[in-house]
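Student: Given next are the chains, with one letter for each unit.
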Amino acid sequence: MVTSITSFGRSGLYDWLIQRVGAAVMAAYTIFITIYLMTNPELTFEQWHALFGQLWMRVFSLVTLLSFISHAWIGLWAVLTDYLTVRLMGNKATILRIFAQMMLGGVAITYLVWGIEIIWGFN
Amino acid sequence: MNAKKAQYFILCGGFSFVFLYSTLYNAARLARRFNHRAQILFRFSLILVLTSLNLPAMGYKVILTVNKKRPVNLDLTTINLPITGFVSFFHRMTGIFLFAGMAALLWMLDSSLDSQESFAAVRDASANPICKLILWVVLAGLAYHMVAGIRHLIMDFGIGESLKGGQIGAKIALVTAIILIALIGVWIW
Amino acid sequence: MLKVEIYRYNPDTDKAPYMKTYEFDTQGKDLMVLDVLEQLKAQDESLAYRRSCREGVCGSDGMNINGKNGLACIKPLSECVKNNKLILRPLPGLPVIRDLVVDMTQFYDQYKKIEPYLQNDTPAPAIERLQSPEDREKLDGLYECILCACCSTACPSFWWNPDKFIGPAGLLQAYRFLADSRDLATEKRLSNLDDPFSVFRCHGIQACVAVCPKGLNPTRAIGHIRNMLLQSAT
Ligand code: HEM
Ligand code: SF4
Ligand code: SF4
Ligand code: FES
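So the sequences go chain by chain: A, B and C.
The first sequence begins at 1 in this note's numbering and counts up one residue at a time.
The second sequence begins at 1 in this note's numbering and counts up one residue at a time.
The third sequence begins at 1 in this note's numbering and counts up one residue at a time.
Looking at chain A on its own, in the form it has when it is part of the complex (with noise of 0.2 Å):
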């Protein structure tokens, strides 16, 4: 048993699970929305600003945030932990990594309040 407390959630099997949920839900969101302007070629703004005012599609767009942001964390806290290694780069490795995952923390938070503002800001 390897423990790790900077890992997404409480196993590995729960980030597993987790990224792959929100593979699935971004997967359809963006399949929904490429068929959407696909079938409305000539989008207007009242049109799209609607679509996006309905509460289904805010709370579809809120779950592919969340989906969007648990799935990327995961991800590249394992991309992280696979290169800004001790072993494959010496001591400063862990400040080094700590850091970078300040810095994807930093942006992964700065995403998740710009979208809920994006999706839930307007009227």
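Everything labelled a hint here was simulated from the structure, so no lab data went into it.
The model shown is predicted, which means the values in this text are computed figures rather than measured ones.
Every residue gets a Cβ at the ideal spot worked out from N, C-alpha and C, and that includes glycine.
It cannot be assumed that every hint is accurate.
Result set (DSS-like, lysine-lysine): computed pairs, CA atoms no more than 25 Å apart in a straight line [said to hold, decoys possible]:
id	chain 1	residue 1	chain 2	residue 2
1	C	Lys164	C	Lys188
2	C	Lys68	C	Lys85
3	B	Lys171	A	Lys92
4	C	Lys82	B	Lys171
5	C	Lys20	B	Lys164
6	B	Lys69	C	Lys214
7	C	Lys214	B	Lys164
8	C	Lys82	C	Lys68
9	C	Lys85	C	Lys29
10	B	Lys164	C	Lys164
11	C	Lys68	B	Lys171
12	C	Lys82	C	Lys41
13	C	Lys164	B	Lys69
14	C	Lys3	C	Lys68
15	C	Lys82	B	Lys164
16	C	Lys68	C	Lys29
17	C	Lys3	C	Lys29
18	C	Lys138	C	Lys188
19	C	Lys15	B	Lys69
20	C	Lys113	C	Lys3
21	C	Lys164	A	Lys92
Among chain B residues calculated to face chain A with C-beta under 10 Å, some are [claimed, not checked]:
id	residue
22	Arg92
23	Ile96
24	Ala103
25	Ala104
26	Asp110
27	Gln116
28	Phe119
29	Ala143
30	Ile150
31	His152
32	Leu153
33	Asp156
34	Ile159
35	Leu163
Got chain A sorted already, so can you dock chains B and C with the ligands onto it with the hints?
Tutor: Same frame as chain A, now just chains B and C with the ligands:
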């Protein structure tokens, strides 16, 4: 672009940049085959090229030493990467890239919903060749990552786990992604 | 003449490893890679590599042959030589002791972690613990592993985290005991694997499957472990 939007944009883009930089800096450090000056030059050009293209933290000579005394054979140019490895590796690269690329998509969404004018601005920006290119690259990354991701999910259900199955799946994913990326290009231009 | 390039490193005399080229006359025969090594060693005694059974059952001569891991003793030249060149390097990712001989400690440590022995506290029957033919069949494709390390040293996840990720060979064996009807430690075994590294560093790259000289499929075994983890957790 109003001030607040710019702030978000710079924050996300900047952080992602630092993040990519630190990962790739490590990769560059691993290239130990060069003398000092060449190493510095190599490092800088590599970081520039890799950060902009978001290319592998692999793919060039990497010689690692685990214990100072014993060498390790890990010169990646000498090791065959099976097609399944290539697909998986590229999935990782596009995943990292998308994290930065999302800033562009979120900016588009933000502006398109903000007001009539900003909606029009997104439309106009989409006519600019550079914006088109950026959009295409981000969407291409998304298309590839999604296709390879769906292949991943299918394999998680135990389908295509044999040697042949995995290779066929990898080829299907690759071809599908290329077609999608071409279609996205047609749609944008 | 076949050109044979071999990774050479002698810790007593060499600062760094280098590639040495030999000329080799196959006399038109499709030899195994190990035959070539044996004949070269007759000329150059300093050449070091491991081998024992010379028939693919002991797992000691795993090495990187023209970019692909395999057992030298059962790899015919016709299957690996390209452009009249044979390139031999040690298994990737493990510390090199000398020439083609690597230090397998990290590999064995991972094997040790999965407790590769039957665990069953119930009183032993007079003769042996019986297993139905169906249950025995579940071990096919698992028990054949000879621990040659070709798979784990072809796996990028194992290169990066050989101390945390069990690796394909260890995981194939972990599943071999999880799947055994006579083993009663399933719960404990699973809970030892449920962290972000031990199993979940596998990204389905299938580099392991591509090289296994016994034709085994660690990726599938890893999928089975994941399913067992899912079932026990939901
Ligand atoms: C746009 C937002 C997305 C971002 C930023 C993102 C980012 C990432 C990153 C960084 C990884 C880690 C890669 C690795 O460890 O090799 C990853 C893995 C993954 N992604 Fe995404 N991804 C996104 C969308 C998607 C979508 C739409 C899918 C759809 C199916 C998907 C499916 C997957 C899967 C299945 C994995 C797991 C790969 C593995 O275990 O090796 N992702 N993602
Ligand atoms: S699974 Fe195959 S490659 Fe891996 S150690 Fe066992 S026999 Fe060798
Ligand atoms: S399938 Fe998993 S274990 Fe096999 S090479 Fe890939 S990451 Fe390693
Ligand atoms: S010498 Fe025993 S497996 Fe090759």
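Student: A separate judgement is required for each hint: does it hold in the structure or not?
Tutor: To see whether the hints hold, each was checked on the structure:
no., hint, in the structure
1, C/Lys164 - C/Lys188, "18 Å, holds"
2, C/Lys68 - C/Lys85, "14 Å, holds"
3, B/Lys171 - A/Lys92, "40 Å, violated"
4, C/Lys82 - B/Lys171, "24 Å, holds"
5, C/Lys20 - B/Lys164, "36 Å, violated"
6, B/Lys69 - C/Lys214, "33 Å, violated"
7, C/Lys214 - B/Lys164, "15 Å, holds"
8, C/Lys82 - C/Lys68, "12 Å, holds"
9, C/Lys85 - C/Lys29, "15 Å, holds"
10, B/Lys164 - C/Lys164, "29 Å, violated"
11, C/Lys68 - B/Lys171, "20 Å, holds"
12, C/Lys82 - C/Lys41, "22 Å, holds"
13, C/Lys164 - B/Lys69, "22 Å, holds"
14, C/Lys3 - C/Lys68, "17 Å, holds"
15, C/Lys82 - B/Lys164, "23 Å, holds"
16, C/Lys68 - C/Lys29, "22 Å, holds"
17, C/Lys3 - C/Lys29, "15 Å, holds"
18, C/Lys138 - C/Lys188, "20 Å, holds"
19, C/Lys15 - B/Lys69, "9 Å, holds"
20, C/Lys113 - C/Lys3, "42 Å, violated"
21, C/Lys164 - A/Lys92, "19 Å, holds"
22, Arg92, "6 Å, holds"
23, Ile96, "6 Å, holds"
24, Ala103, "8 Å, holds"
25, Ala104, "12 Å, violated"
26, Asp110, "5 Å, holds"
27, Gln116, "5 Å, holds"
28, Phe119, "4 Å, holds"
29, Ala143, "9 Å, holds"
30, Ile150, "6 Å, holds"
31, His152, "8 Å, holds"
32, Leu153, "6 Å, holds"
33, Asp156, "7 Å, holds"
34, Ile159, "14 Å, violated"
35, Leu163, "23 Å, violated"
In summary, the numbered hints that this structure violates are 3, 5, 6, 10, 20, 25, 34 and 35.
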